[in-house]
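> Each chain is listed here by its residues.
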Amino acid sequence: MKIILKNGYVYDPINNINGEVMDIFIKDGKIVNEFREKDAKVIDCKGKVVMPGAIDIHSHIAGGKVNTGRILRPEDHRRFVIARKFKNGKFFRSGAGFSVPSTRITGYLYAKMGYTMAFTPALPPLMARHTHEELSSIPIIDKGALTLMGNNWFVMKYLKAGEIEKCAAFAAWLLKAVKGYAIKVVNPGGGEAWGWGKNVTSLEDRVPYFDITPKEIIEGLMKVNEMLKLPHSEHLHTINLGRVGNYETTIKTMKLARGLENRDRHVLQITHAQFHSYGGESWKSFESKAYEVAKAVNKMKNVAIDVGFVTLDPTTTMTADGPMEYYLSSLTHLKWTNKDIELETAPGVTPYNYSPKSAVSSVQWAVGLELALLVEDPWRVMLTTDHPNGGPFIRYPRIIAWLMSRKYREDFMKNMNKAVEKRAIISSLDREYDLYEIAIITRASQARALGLKEKGHLGVGADADVAVYDINPEELNTAEYEKIERAFSNAYLTIKSGEIVVKEGEVVNEFYGKTYYVDVEVEEELMQEVERDLDYYFKRYYSVNLANYPVSLDYLTNPTKIERKIERVKVIK
Amino acid sequence: MHYTDVVCTFCGTLCDDIEVTVEDNRIIDIRHACRVGASKFFKASDIKHRRTKPIIRENGREIEVSLEEAVEKASEILADAYRPLLYGWSSTTCEAIKYGVFLTDLVGGIMDNTATVCHGPSVLAFQEVGYPSCTLGEVKNRADLIIYWGSNPLHAHPRHLSRYSFYPRGFFRERGMQDRELIVIDVRRTDTAKIANKFIKVEQGKDYELVSALRYVLNGGVLKKDYVAGVSREEIYELVDKMKSCSFGVLFFGMGLTQSSGKHRTIDNAISLVRDLNRFTKFNIMMMRGHYNVTGSNEVLAWETGYPYAVDFSRGYPRYNPGETSAVDVLVRGEVDAALIIASDPVSHFPKEAVKHLLRIPYISIDAFYNATSMFAKVYIPTAVAGIECEGTAYRMDGVPIRVRKIIEPPEGVLSDEEVVRMIYEKTMEKIKERIEEEAAEKVIV
Amino acid sequence: MKEIFLKFKGSKTVLEAEVINPNVFAGKKLSEIENLTVYHGNRRAKLGEFFDVEGSTSEDARELRIVVEGDLEKVKRIGENMSEGEILIKGNAGMHTGDFMSGGRIVVEGNVASFCATEMKGGEFIVKGDAGDYLGSAYRGNWIGMQGGLIVVEGNVGRESCAHMSGGKAIIRGTAGDFAGVHMRKGTIIIEGKANRAGAQMIGGTIVILTNVDPLPSFELVGEESDIEVDGERFSGTFLKYIGDKAELRAKGTLYIRK
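Residue numbers (my numbering), protein chains in the order written: chain A, 1 to 573; chain B, 1 to 446; chain C, 1 to 259.
Just so you know, the hints here were simulated from the structure itself, not pulled from any lab data.
Please read these numbers as outputs of a predicted model, since none were measured by experiment.
Hints should not be assumed to be uniformly reliable.
As the list claims (entries may be wrong) - List of simulated lysine-lysine pairs, DSS-like, C-alpha gap at most 27 Å:
1) B:LYS225 to C:LYS194
2) C:LYS12 to B:LYS433
3) B:LYS225 to B:LYS244
4) A:LYS198 to B:LYS242
5) B:LYS225 to A:LYS87
Said to hold, decoys possible - Non-contacting residues of chain A with respect to chain C, defined by C-beta distances greater than 12 Å in every case (computed):
6) VAL32
7) ILE71
8) PHE91
9) GLY162
10) GLY259
11) LEU260
12) TRP283
13) THR332
14) LEU334
15) PHE412
16) TYR536
17) LYS561
18) ILE566
Backbone N, C-alpha and C fix where the C-beta goes; we use that ideal spot for every residue, glycine too.
Please model the complete structure; the sequences and the hints are all you need to start from.
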């Protein structure tokens, strides 16, 4: 199908286009050079905003613990349902779930907001097949999965022994075996300690038996990541998530990236930085340290953050940080699940109700916004809620409106616990994002972080993933924030792979998007050494045979490989 | 032909180290499998005892028909129904279950799996208090205290003890069983109890009280009574001590606990006990799932609908309330007017009142093996045996997903559950799409 | 008070009729009421197909009483979400009668099925016969159950009545099945007959049992009290007072059992 989007205000930061009135030409799923109108579908976008399809780099939408969250929370699902329908010759499935929506409606709800891609950030290798089964049942959007490595026995063993080449070869093998996209690190060492009911609380703590420190794991995997020339950086959920006074750990963690460089992107992503920017001595003196963390980010040009905004909704928290979930549930006394996964990781799930009336929640709300408003370079900021941890992804339009409208923030704060004014600085911040900056933090910076050249922009050759919103930039008044929120909630048009999937907020078409994974080839001799270790460990310590561990491409919808060939793995000192 | 790393699709242990030798499309040798597992492989490959042609029954007459005719009839039954039940979905692959969800969503029916009559109470308890658990490899590598409660793995999951729990050598348990303690709690001295280091006999139906006493003592209470649930105060204190002082404990529980008189409240209490234990040490709990993919069935339903079993689509979107929307209940109350039964034999296993109603209504039976339920079905469609004649995905009792293999060809003309369910889905869609189109899609946000 | 009479004509399978609610009927003509949507199995239908509708309407739900007649075991959700007015059911009522009600009054002359008055917030729910399981309980997975209002059952109740109760009062004149008040946090339950495992895993609230039963082993006897007063009601005689359920760490629930 050929489509021309005519006369819209185009926001395409990767190509430095800031609200110019332009036409966008779409053919065979790609953005192309101008062609004649004759045999194309021409859509008038006059007075509307045209952006690349939005990207969510960190959203728990698929996999074992996401589904555990679903099973755990029938009382959440009844709050939000979408009925089945039959339209344009297609059957659209029903679904349920407010904080953890079922898979089909996850695709519909993203598309409705103009999102065309989302990555699930915590794939436990042994459960990879499960993650892919769920990803493959999410329609419309492109997908991928970040692979958990921060508590993997092979990783810890190799790094401890100083065998970083082997660690790199293992990481390459693992990504290919489980069809993962990047190296994800969650509470490095803490997951293994949790195998004995313990945790790590400083970057210098020693992991039981493996005798390695969180610092060594973070640094080692950052180097491995660059040795393998992976498209994305190390994606790090550092230690002490959600703890009072954790901001110092966060700043120390960022400094570990010193000396490492990559031409195309940052080398370390501090994920859901909001949960890592807390001051105070106890929950009573809990306060925002977003200013300090943002200052550090401003200095460290090779570090980026995704925010992990808190939206003040009742939600379900889920993370591969098992000890953190246990700790949280021991504060709330709410139901708690845990799943230690042999040799790899330890995820947990517990519900959490962020209440505007609570001092802690209201400060958390401020921390996220402060980070986004205080980090100067939007190219190193990504809009996420760490869905569903800070709030469900369906709240992104509201976050966009908060960032764009100071008045919205002020009005919203009126019903909040007064702590937000005393222990955060949000009320003193004037900055309002413009549409160009919004396009950066929801599209351009995320595509760049993922290293995907065909995504996040509208230049010729890009994938034709486009969102059109019913906002006229000439008439935009940020005091009318409801309009902004409404427009971003219901895309006037979402185009995925050159096909119209959403019209005026309604899903009208469905098919399956791509699933990205990384395939790095390293030298054979090195890989053979690693394979010997794999044989030994699988026979003795895993509960499945090595032959039954890798995930075949049958599980991926439109599998899309990012290839790297490393002739000789070079150690980075 | 010799196959290695074959997965046994019998019980929830889902052993994946089976070796099978095949000659002329017949299985002639099986290594590593337990007796029950091996017998399933042989039974599948012995096609003399299988029916391989679809059947329609009219006025008491049995007619062999083509697959297309059987599918046509099945879709008619489902399209006409006001409250169809689609039940089974535990001894089949996730791929088939997925199409089952599509089909149930389409016809506005109720989808339920066999968890409803086994670990349903455990799922309800999970939803009340959570579920601290782990994979079986964790148990192998770390556990020094293993408890089976209301479970007799030597019979129901024969390789559970040797592969994952008591016997194997693990990373931190190099001497295998010598590094571990095995305790069995049950109403009678089972064969598993006989090999245990300690057996605790609990009075029938009093498991809830015993858990309460354990939790009370664990949380600092002083037990006044000499006996609770037939167990002496000394034994209770000793057990609490052992649980608190181990370095990694695990509690496996089976139907003996889920079907004890407290049902899901007993499991709720047991999970709470394990949660409490995590204040002192590392402790996990795990359901001993029976059917090889009942776990997968819960998982697929959950990601497709939000709910793990007993899902009611009658209003065009999923709702959930076991006791109201579960298979036995809707049958006993006579709500159901048609059914599709797949990979299951409720006529043999359901309570009498439920079977009585099932036999009154038109239903479809889809099963690799012709069973009692198939004998009274309006439509019977034979299918291939998953894990032997066709591949797909199954989830082990601890949630580890495993690809099951195809090692022999199914009988001629016999398709997989996945293909048959998909055909019925597509046929039914043609029949009722107009009806759905007329319903304005209704969305509810509370 | 204006009255609208609904006479049930029967249905093939279950019917969901949450529209039978004074809040919904108020301000509607009889013909509009007949046209309200009900769900018959997986089909949509009109209320008038299953009920004869008569009587006089009112603009104000508070001035409206709906009288439903017939064997309504198959009819679910009558009075769901109601906040005002009255419903009188002359017969047995089906599941979810009075779910989430926040005000008004429902009187059932016969029995009610399981799952009624779920997560009730206010109003009165009166049953002259017996009630099924999960009366006045929380929905699956929820940790907040009934928060306010009054439930009175003249007969017996099934299992798990008032699970996760967080407020309000329930009076059971007959016996209660296992686990009345399980996971209770606040509120009052009075049981005149026998009750096994009452208050299991409760952390707050008060349960009074007017017969002598054995509490769970995790309840701690704190003493005896005579002629007690609980939530405005007096009970004569001597009671054993327990605190529990001490299986739970934070347990501060009170259980009175008549000696």
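> Hint by hint, work out which the structure violates, then give me just those numbers in ascending order.
Hints 5, 7, 13, 14 contradicted; others consistent.
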